[in-house]
Amino acid sequence: MNAATTTSPRPRLSGKLLLLAAALTAAVGFLIWTGTQGATVYYHTVGEVRAMDSEAYYRLIRVNGIVADGSIQTSGDGNVINFDLQDDSGRLPVEYRGTPPDLFGYSAEDRYQEVIVEGQLEPSGAFRARSLIVKHGPEFEPREIPAQ
Amino acid sequence: MSDLLYLFIGFSAVWIGIFGYLVYVTGRVRNVRDELHDLRGQLDAPQAGREASSH
Amino acid sequence: MSQVRTSELARPGWLGALRHPGTAALYALLLLSMGLALFMAFIFAPAERVQAEVYRLLFVHVPSAWLAFAAFGVVAVGSVMYLVRGKSRWDRLALASAEIGVLFTTLTLVTGSVWGRSVWGVWWQWDPRLTTTLIMWFIYVSYLALRAYIDDPNARQRMASVLGIVGVVSVPIVWFSVEWWRSLHPTPSVTSPGGGMPREMLTTLMVSVAAFTVFYVVLLRQRMQLELAATELGSLRERLHERNEESA
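Chains as they are written, first to last, in our numbering: chain A, 1 to 148; chain B, 1 to 55; chain C, 1 to 248.
To be clear, the hints were calculated from the coordinates, so they are not data collected in a lab.
Keep in mind it's a predicted model, so treat the numbers as computed, not measured.
Virtual Cβ for every residue (Gly too), placed ideally from N, Cα, C.
Be careful, since some hints might not be right.
Unchecked claim - Among the chain C residues that face chain A by a calculated CB cut under 7 Å, a handful are:
1. Ile43
2. Gly73
3. Glu179
4. Arg182
5. Thr187
6. Ser189
7. Pro193
8. Gly195
9. Met197
10. Pro198
11. Met201
12. Leu202
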């Protein structure tokens, strides 16, 4: 009845409490550990994929890079899109079948578009993407630059 | 066009979520207080009331 | 003590609560800040260069996330204070804040998903920011589930306090996830070096955060009052039950 305003310590509970705390700490610790191990990266860079050997073929991976300027080519009723993914190490040719996101191919002047593709690396060195995700950075700009 | 739809869905979800929660909690506060009022009346009632409630 | 307080406030009806000058002022502030935030989000802030209109989700997505972080911080403070002082008031603060934190996290996930569908082209990705946010959501949903599961008030409050303290570790993990690991989600526009936005957008964002903070305070107050009244109701029922048994 007095539970609303006071509490009396119950030694009986400390064991359970300790167990709960231990379990939780373990869970959170595991989270941090798996996250920092690097074994599970969300995506690879173009350079990393280019350096992969035959063991990587046909495994589902994600690659992040910049769409090389002017490399986008569409064919087959616009359902097949070929482009090069680029970083400092070089280019990776990508083929994607499907409908791209609305913002794909958009490029403001002097800006390169960063994308993530999910798919498989083939022995030819090309990447067959089954999904295409447009990345957006943390910068926002007004549509019309106000007249000075 | 579909951009505006996404914008609409997002804003609606937020306002419905927050207001829905506020209305829900406020309604429950009122119900609990009504019930409190009734029970307090029963508890403070004279001897006769107590006998009546035990039947 | 607590009984006196609730009965003082126990005025029936929606409008009855507004007779309390503090409450009336708070609700006025709520309406004012909400109106201003909406006006600024849709009319004052300019359209964006790449995203055009859909970027306006920023003004609900980011405040929801920040307020969720703050709410879970308050859960930790309430939990620590409860364990130190043993006053149920602190536990009520933690509970109320956790529930509202879950609400705001849910809204963050929903608005983020819709925004992601529009800009990224996908509703969901298992990227570090999204994944850790979902884990944070699960931690506080289990906090609420734990509370519902334990009947004994002392045990419930103490167990919940432990979870409320340990759980807050998820907040910095979610915040820094975009800097520690490769992710799809952008780094914070306001604080990270590559980020930025024009003054009009930043002002709008800050006003929106202020409006969400007022909302948080209103919801927190209301939820704490509910818990106080519910606890009192429980003890009153118990007393009545005991007395009826005595007289039977």
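Each hint, compared with the structure:
no.	hint	in the structure
1	Ile43	14 Å, violated
2	Gly73	16 Å, violated
3	Glu179	11 Å, violated
4	Arg182	5 Å, holds
5	Thr187	5 Å, holds
6	Ser189	4 Å, holds
7	Pro193	9 Å, violated
8	Gly195	3 Å, holds
9	Met197	4 Å, holds
10	Pro198	5 Å, holds
11	Met201	6 Å, holds
12	Leu202	9 Å, violated
Of the hints listed earlier, those the structure fails to meet are numbers 1, 2, 3, 7 and 12, in rising order.
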